[in-house]
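Engineer: This is what each chain is made of:
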Amino acid sequence: MQQRTIFAVTAILVAFMLICGCTGTTSDQTPGEKQQLRIATTTSLYDTKLLDHLTPIFEEKYNAELIIVSGGTGKAIEYGQRGDVDVLMVHDRAREDAFLADGYGTNRRVFAYNYFIIIGPESDPAGIKGMDPEQAFTTIREKGMAGENVVFVSRGDASGTHSKEQAIWKAAGFNYSTDIQGSGSWYQEAGTGMGATIAMANEKQAYALSDIGTFLAYKGDVDLVALVDEGDALLNVYCAMQINPEKYPDTNTALAKDWINFLISDEIQQEIASFGVEEYGQPLFYAAQNDWEKIGVPQAEVKDPVL
Amino acid sequence: MYEIIEGFLEALRLIITLDPDVMAISLRSIIVSFTATIFASLIAVPLGGVIYFGSFPGKKSLINLIQTLYSLPTVIVGLLIFLLLSRVGPFGFLRLLFTPTAMIIAQTVLILPIMIGLTISALSGVDPIIRDTLRSLGATRFQLLANTMKEAKFAILAAVALGFGRAISEVGAAILVGGNIMASSFSSSTRVLTTAISLETSMGNISQSIALGIVLLAIALVVNFVITTVQHR
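Chains as they are written, first to last, in my numbering: chain A, 1 to 307; chain B, 1001 to 1233.
Chain B with its partners taken away, still in its complex shape (with noise of 0.2 angstroms):
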């Protein structure tokens, strides 16, 4: 008990005092984070919408292998990317282990697949008298997607809302392919604020996990606030 209380006082004395380490990991943390979320959510929205207006052979297995990939571990999808980018692999040539951007591919990668599976039931939730009432109006392929996306607009949001939060709270994946580095230079360093947590734990630091965890948290919250103001707009 004593511990938590310690690592409450930690954080506000952080937060208060500006800590430069802890500034810098938790700015990487959230611009890693968004990017990833950015990217995901390009890809996976639209993917969701054509997936589901599709009909195609295989569409069912397809949403299956979708949702069955939400149970993905985060450490098989870092180790999966690390052995892509590793100097004897495939990719070794872009010299993209151990970097930030690194970091970003693996969790969009890792958020793919829930955003996917909850923009299709975001969409699949979506009253069908709409989608008659749209086709009855002589609306295109497009216009079909585009509106019944606006329709889905909360759940949308919710899946990106729940991306970003897987994005931002796994450590697994980050330690491979990133290397948890604190280099002198910003844009070298790899540390967030999850693998940051590990390390200090690992070396006994309890309160300044603790701390870390609830700059987190904080970080989460905002982010959220952000997004549940958009949703009710």
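Here chain A stands alone, though its shape is the one from the complex (with noise of 0.2 angstroms):
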């Protein structure tokens, strides 16, 4: 009996040796003739399923695989900083300008564009319908502050849709850290990610600001609704950025750029632009490549191919 448990249990650990051992092929650079690149982008972009949309024509194109990780901006921000991917993904122009500037970026792309919305109770108790989203945001606030029954639950996460916030608080003439943080009851931070803090929108019946690919998402499971959709300031530019060889000479390079291109080729262009209508009854994107004057970026960034 004894012998046969010693004899069960070696078995079993040379089959998990072996099975590990296929798993740890992983850490050599190609199982098989395939090259991966490492994608790190921000939630935003990634639960709208675009690139999983998109992975397999680039995958067939290329004999490629990717290895898309996502996570707020912030963190998609760090990955890049510390070269464990070869493109980064994200929509702060703000954060991108410094990543570049500070050398860890290079070949900027800009591929997509759409925008963030102010989504609220049906009731509207602040009455912001329709609104600018600056005027919306200081109606919001002085309502709050005044005590009336209205909320705003913010990411608070430093993620992109957090930077935009605070830019659209900017915008409307108040200092973050000491008119909006901790300020009231009013103004409450999440510290989480964009269904979680849509969902906690939803019980407080508050308001928040939130990209519509996941509000679109959640639009049957909660009772809030769009209510100011247009805006300059809620403009959600999307780029793709190569992690600078100088620093991180191991990258894939080579893929990067095929990516980059990939994205802000006519053809792929057009997926972008037509994604999400069968779904959603509207696009989720909108195609970055004739908009550049709209979206305020060089024409570069949206037309010239990487060399």
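Think of the hints as simulated: they come from the structure by calculation, not from any bench.
Heads up, the beta-carbon is just placed ideally off N, CA and C, and yes, glycines get one too.
Watch out, some of these pointers could steer you wrong.
[Said to hold, decoys possible] Distance windows between CB atoms, simulated: (1) A:Glu142 to B:Leu1027: 53 to 61 angstroms; (2) A:Ala98 to B:Phe1093: 22 to 30 angstroms; (3) B:Phe1225 to A:Glu230: 54 to 62 angstroms; (4) A:Asp124 to B:Pro1073: 12 to 20 angstroms; (5) A:Asp52 to B:Leu1079: 21 to 29 angstroms; (6) B:Leu1079 to A:Ala98: 45 to 53 angstroms.
[Stated by the list, open to error] Reference excerpt, derived from the structure (chain A facing chain B, CB under 10 angstroms, subset only): (7) Val85; (8) Thr192; (9) Gly195.
With the hints as a guide, bring the two chains together.
Structural biologist: Written out as structure tokens, the structure is:
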């Protein structure tokens, strides 16, 4: 009996060593012939499943394998700074500029854009429907601090969405850390992802800033509606950039360039512009290709292939 | 309530139709956590024995430290392993970040304190008369260790079961070092049941999350059934 048990245990151990050996090969660069491209992106982009849609097209064309990790923009940038990925895809112009200036990234290209929306309860206690984003924010704060039943739930997690929210507060003339943060129970910081923030706003029947993709995914499950969906301040621009090979020489430079050029190619720009129409009745993104003036980026960033 | 029922039905549907994504994720969960449990057991059980039977200065403090580490948050372990395996970290050259191997390492480290500590507890639960009897029969140090462990078999297997449970249910470290990747090939992906649940929840797919949770519990049930059977042999 004991010998049988020992034998069984040993057999299992050997089996798992072998399995472990198989999973261990991912630490080698190429399982088989395929090259791997590592991409860090933001949850706002990843959760819309646009990348899942584009991945098979790219993988077949370039005989590659895409390894995509997602997190808040801050986390994605962290991965880029540590050289753990080959490409960074985010939507925070200010932090992207800093990233490029510090030499971590290069060859930024803008491939898509959409708009953030201010969501809130259908009853709209603050009456912000149809307002400008800055005006809406000011009104929410005013009514919230006056003690009316008005609450705003913030991402509070250094994500791209959170940065955008802070930018709107600034554009409305407020100092974020003194006038908004901790200024009252009307302003609550969730410290979580977009979905959880929306769920929280739903529970509290509160206002929040959301990207359109996540909101559409939640729409049927929450009692919140889009109240403000127009305004330059709500512009949400997505870019892709290479991790600088001068800082991290062993990133997959060739494939990174292929991916970026793939995104700004005519064919894929069309795919992006039509993505989501079937499921949600409206596109989730606009192609950046011809709207470079509208979104305020140099034409080169939407047109010029990376060499 | 409705969502929970919907989740349950979705779980049945996913299992019966052998949904390929769910199958892949489940298999990966099992492989990663099983391997981590085996590795941890191989280290923890002998080490626990050596610590228990040894007499050295600082033994009590060591045991104290081990038990304190029971409370080590999984996110911290994940962060630590992440920093070690990151390209700019000391072991970056191994290129293990965002691979299943990294997850196995993280889970092994995570469950080691519990398994060492519980092994020591298990051994100290063995009647001292047995230890004396073994000694009086002329047992060598190794024989003493091995035979006492056999007596404590039940409790040690309970430690293994707990270790596996902790490994398969943790999220924090798995997301940090694995990246929750769903790539086209099985061996490049790092999505497991817990990280998938986390993702589905954050995307608003509640019934999918509940379904995956039920699958995870079903796996844990089967594994523990096996362990219980072995315990009672």
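Engineer: With reference to the structure, classify each hint as holding or not holding.
Structural biologist: Hints, one by one, checked against the model:
no., hint, verdict
1, A:Glu142 to B:Leu1027: 53 to 61 angstroms, "holds, 55 angstroms"
2, A:Ala98 to B:Phe1093: 22 to 30 angstroms, "holds, 28 angstroms"
3, B:Phe1225 to A:Glu230: 54 to 62 angstroms, "holds, 58 angstroms"
4, A:Asp124 to B:Pro1073: 12 to 20 angstroms, "violated, 41 angstroms"
5, A:Asp52 to B:Leu1079: 21 to 29 angstroms, "holds, 28 angstroms"
6, B:Leu1079 to A:Ala98: 45 to 53 angstroms, "violated, 24 angstroms"
7, Val85, "holds, 8 angstroms"
8, Thr192, "holds, 8 angstroms"
9, Gly195, "holds, 4 angstroms"
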